[in-house]
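Colleague: Chains as they are written, first to last, in the numbering used here: chain A, 1 to 107; chain B, 1 to 107.
Keep in mind that a hint or two might mislead.
A pair holds if it fits inside one copy or across any two, identical chains being indistinguishable in the list.
To be verified - In silico lysine to aspartate or glutamate, EDC-like type, Cα no more than 20 Å apart, as pairs:
#  : residue 1 : residue 2
1  : K3        : D99
2  : K3        : E30
3  : K3        : E82
4  : K3        : E17
5  : K3        : E105
6  : K100      : E82
7  : K42       : E17
8  : K100      : E88
9  : K42       : D5
10 : K100      : E30
11 : K42       : D99
12 : K100      : E17
13 : K42       : E105
In case anyone wonders, no lab produced these hints; they're calculated from the structure. Here the structure is a predicted model, which means the values were calculated and not measured.
There are 2 protein chains.
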Amino acid sequence: MPKPDYHIFVCVQRRPEGHPRSSCASRNGEAVFNAFATELIKRNLQNRVALTNTGCLGPCQAGANVLVYPGSVMYSWLAPEEAALVIEQHILAGQPYTDKLAPRELW
Amino acid sequence: MPKPDYHIFVCVQRRPEGHPRSSCASRNGEAVFNAFATELIKRNLQNRVALTNTGCLGPCQAGANVLVYPGSVMYSWLAPEEAALVIEQHILAGQPYTDKLAPRELW
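Using the sequences and the hints given, assemble the complete structure.
Modeller: This is the structure we're talking about:
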């Protein structure tokens with residue numbers, strides 16, 4: 001693809017059950033990734049917006065974490081049903097979805 | 001961590017031996033990731049530069065692929081021993097390491 005207008009990174013890090021850091025996989029990371037994939041296809045945005053699954057982004061306790069470039073905007077505690085809101089508000093209207101922005105101490 | 005000055009994403013996607021798309025794992029992606037980790041620690045840059053492993057970034061035939069934000073600068077066919085050059089030239093001097101920039105048709 002050409003350089004995308006936006007790049008969405010979704011943490012799908014998996015750790016064993018009971019691991020002290022928990023993980024985004026245990027907080028619906030894969031469902032969040034799939035929700036973004038579905039919503040991008042639905043809006044025919046696949047050629048403008050890149051979507052990549054990742055290992056650990058850092059604030060494991062606040063998963064599922066989603067990071068959007070440009071701007072290094074981190075969303076934490078994101079649920080699959082909020083993927084559409086991030087796309088509509090952040091990607092299409094250029095205004096971050098403020099409900100789940102990571103707090104300053106995390107990112 | 002606070003928002004990083006740079007964020008380096010290294011593809012470590014793995015696919016079965018003989019898969020038609022090949023993969024960055026079969027082109028030293030994990031060694032490239034480890035080389036960046038080592039070089040960042042050596043220069044005490046871990047608090048300014050984020051490093052994340054990823055699934056597929058797209059141009060599988062040109063792995064190992066490494067993507068740097070800001071700017072969405074993609075390096076392809078990157079070898080582990082070139083991690084130090086990317087850090088010195090791109091991250092520290094602000095000039096992309098031109099030898100392995102992905103060609104326009106790939107990114």
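Colleague: With reference to the structure, classify each hint as holding or not holding.
Modeller: How the hints compare with the structure:
1. K3 x D99: between (28 Å within a copy, 19 Å between copies)
2. K3 x E30: neither (24 Å within a copy, 24 Å between copies)
3. K3 x E82: neither (25 Å within a copy, 23 Å between copies)
4. K3 x E17: neither (38 Å within a copy, 29 Å between copies)
5. K3 x E105: Close across copies (10 Å), not inside one copy (31 Å); limit 20 Å.
6. K100 x E82: within (9 Å within a copy, 37 Å between copies)
7. K42 x E17: Classified as neither; 34 Å inside a copy, 33 Å across copies.
8. K100 x E88: within (14 Å within a copy, 35 Å between copies)
9. K42 x D5: within (17 Å within a copy, 33 Å between copies)
10. K100 x E30: Result: close within a single copy only, 18 Å intra versus 32 Å inter.
11. K42 x D99: neither (23 Å within a copy, 38 Å between copies)
12. K100 x E17: The answer is neither: 25 Å in one copy and 40 Å across copies each exceed 20 Å.
13. K42 x E105: Result: close neither inside a copy nor across copies, 35 Å intra and 26 Å inter.
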